[in-house]
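Asker: Take a look at the letters that make up each chain.
There are 2 protein chains.
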Amino acid sequence: MNTLVTGAAGFIGSNLVDRLLAAGHYVTGVDNFSTGQHYFLDQARAHPNFRLERGDILNKELLISCMRDVQLVLHMAANADVRFGLDHPTKDFQQNAQGTLNVLEAMRICKVPTIAFASTGSVYGEASVIPTPENHPFPVQTSLYGASKLAAEGLIQGYSEGFGIRAYIFRFVSILGERYTHGHVIDFYRQLAEHPGSLNVLGDGTQRKSYLYVHDCVAAILAALDQDRQGVNIFNLGTDEYCQVNDSIGWICEELGCAPNVHYSGGSRGWIGDSPFIFLDCSRIRGLGWQPRLTIRESIVQTVRYLRDHAHRIESALASF
Amino acid sequence: MNTLVTGAAGFIGSNLVDRLLAAGHYVTGVDNFSTGQHYFLDQARAHPNFRLERGDILNKELLISCMRDVQLVLHMAANADVRFGLDHPTKDFQQNAQGTLNVLEAMRICKVPTIAFASTGSVYGEASVIPTPENHPFPVQTSLYGASKLAAEGLIQGYSEGFGIRAYIFRFVSILGERYTHGHVIDFYRQLAEHPGSLNVLGDGTQRKSYLYVHDCVAAILAALDQDRQGVNIFNLGTDEYCQVNDSIGWICEELGCAPNVHYSGGSRGWIGDSPFIFLDCSRIRGLGWQPRLTIRESIVQTVRYLRDHAHRIESALASF
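In order, the protein sequence lines correspond to chains A and B. Counting in my numbering, the first sequence runs from 1 upward without gaps. Counting in my numbering, the second sequence runs from 1 upward without gaps.
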């Protein structure tokens, strides 16, 4: 199948590219390299079925030129860090909502029948039902990131109804694993690498969060696409567990062999809009036979090992953020 | 209070302006007159507390220049017709989502504390719970109009959480009454004015819809604002009843004194994304003591009388659409 992956040089996008190529698909990758990394695509670039287009999803003409004869768009490009929305209030909207509209317009013009979209559990805001099912009561947004992904979901749904596009919307918990580039594990890793005796934590450490290993995430996306469904299909993606930030700190420190003094700042939330309890009901994707291979603890440890093994590259990559 | 009304020359906006002025507020009206009508503001322009700014909400600088010392923004400007989204797929998004983001950015910069927003029952898509409460299960969008309003709601909620803006989000059913400019009553009125013996109807006539009289809508908005609530406040606005399209046809024909042959086209939906049953649970706004004065039948008849009394002006206004 001819596929197009936006955000192909990103954390999840590049893992998806590798998996699609391994499954025998042709892949066109699009990335503006604002946060994507060339070396994430080292393996893909060596593959004859991979083509890379450097460019921005805000450039609709570029998208149109890439979508000829494409059967499936996997739209992973995004401003992906929920925490910093308030520092640049229009950025999430431009990158995530306007960008998705461009992808949809290019699909409509090029008659691409199917989209898979990386959404987020952040669209539930502070969920009132936990574990949170896909049909949770109409949520109130608490972050500009969540709002921008909600806007993108709505656009995809409107295009699905209006133009017959098949849509797979995946609401992720936080993803961990190889090529991980942002989030608490990297924050803690970097702090502890610099001064192993001290760790500053946003929030009081009791926030309960869910995580999923990136290879499990990619496997879930492909499992859902294999079902070949019509219309709009929404799936939470996560594990059937959660952990406290303090649990995560313990596992990271154990792996790194350090015992820092931990300094907490803020209250029960790490930042404005932080949800103190994220735990998604993933029975719908489980019902397709998919299950995660790694626990949260295993995926955190795997991520720490990846960061340690790639310390030099990660520091140079982070400098580009 | 210093207020700013976007879409001030529109159907709902201009009625709101008149009511705010009557209540003693200062009003700055903004309108690009793409569909707004100068004569809707005849009464307002004669009032010393009214100021009109001709301009587009896509012009953020204009909004900033208008919001100095404003305490309340009533954001009514929108591309407001749900039916034609597929003819221009990016228009709803630009006008309704990007436009709202500009309003919010101007509010943030000018430190305006409160927004009232004209949203829509269309955000429920095809509701699974009827009458539909505000906390209906997370809906799937079926129109680009609904999607654009959902995006705007999410942005408002994100700004409320992030910047402390108080938000009143009103999900309207279809509004009827004086200065009504689009929808089935005007479509039917115009057809019957031209040839009283024949009426073409989108759908099979059994679609069940809800309507609210514009003066009742404006009164509900002001009743909610009077409560002075914090955070995000969402209210459905409608009557505690619905009617079939065929009921409406009967009332319109009775008022006009005609008995046309009715020709139905399409199936149970009038257009792609049309919801065949719209009926909102309005107990939350009722709980504030508000109640509508006109029934659906009375507001349809009132609208027909208004259209008949303003036939000439309406035809010249419609030519500008």
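Note that these hints are calculated values from the structure, not bench results. Small disclaimer: the values here were computed from a predicted structure and weren't measured. One thing to keep in mind: the hints can contain errors.
Remember, identical chains collapse to one label, so a pair may be satisfied in a single copy or spanning two.
Below, a list of computed lysine-lysine pairs in the DSSO-like style, where the Cα atoms sit at most 30 Å apart [unchecked claim]:
#1 Lys60 - Lys111
#2 Lys91 - Lys111
#3 Lys60 - Lys91
Asker: All hints, please: hold or fail.
Answerer: Comparing the hints with the structure gives:
Only within a single protomer do Lys60 and Lys111 lie at most 30 Å apart by alpha-carbon distance; the minimum there is 15 Å, versus 35 Å between protomers. Taking CA atoms no more than 30 Å apart as the test, Lys91 paired with Lys111 passes in both settings, with 29 Å inside one copy and 20 Å between copies. Taking the shortest Cα distances, Lys60 and Lys91 sit within 30 Å of each other both inside one copy (17 Å) and across copies (15 Å).
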